[in-house]
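Novice: Make the full structure from the sequences, and use the hints.
The primary structure of each chain is shown beneath.
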Amino acid sequence: QLLESGGGSVQPGGSLRLSCAASGFTFSNHAMSWVRQAPGKGLEWVSGISYSGDTPYYADFAKGRFTISRDNSNNTLYLQMNSLRAEDTALYYCAKDYSTVAIDWYFDVWGRGTLVIVSS
Amino acid sequence: DVKMTQSPSSLSASVGDRVTITCRASQSINTYVNWYQQKPGKSPKLLIYAASSLQSGVPSRFSGSGSGTDFTLTITSLQSEDFATYFCQQSYSTPRFGGGTRVDIK
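Each protein sequence line maps, in turn, to chains A and B.
Here the first sequence stands for residues 1 to 120, numbered as in the working numbering.
Here the second sequence stands for residues 1001 to 1106, numbered as in the working numbering.
There are no misleading hints in this set.
With a straight-line cut-off of 27 angstroms between C-alpha atoms, the simulated BS3-like cross-links for lysine-lysine are:
#, chain 1, residue 1, chain 2, residue 2
1, B, K1045, B, K1003
2, B, K1003, B, K1039
3, B, K1039, A, K41
4, A, K41, B, K1106
5, A, K41, B, K1045
6, B, K1106, B, K1039
7, B, K1042, A, K41
8, B, K1106, B, K1042
9, B, K1003, B, K1042
10, A, K41, B, K1003
11, B, K1106, B, K1045
12, B, K1003, A, K63
13, A, K41, A, K63
I should point out that these hints are in silico values taken from the structure, not numbers from a laboratory.
Model, not experiment: these values are computed from the prediction.
Specialist: Okay, structure coming up:
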């Protein structure tokens, strides 16, 4: 129901744009988030966006470097990542917020993730 | 910014055991805590939301409790498919996860 793409290997300072294609639910009714997991590490929330796309939210490490957006007409979530650092290396998951319209900040549907490797 | 401290970081248990994992928030967060299970190579799965509500389809041997700063995930009668890593997460503010608890076979 959530399929991420756009990951890959990039040099430090480079950029990537992740996409998440949603299906099987009314995408435009749910807030969405990106959560990442560095190899062998725990989960770390990266960014979230309201159901309408009007309000983005970012973890401190993402502010000024990452931009979240969504296209409700195409059921797709995006994460533009600039000025990438080695510590951004992780599997990036797309996750659906539980409730409709309101932001609950917990996630009942997750994608399989797309791997981002930042290395010279 | 609400931080979550999860313990233990790992534990060994046998099938049939009762397992308890705890999470402590850096400030009072009412019941804004959720629990996830993650198996190797898989995406996280929501088990418990709002501290004690069981997600649809999750077996009743999983339960959550707590409010304020201290929260618990309990698995009664551990099954073989429950060997996994468990994460707590606060949803009082923008999300933060605990460090995780790996449950493996004794």
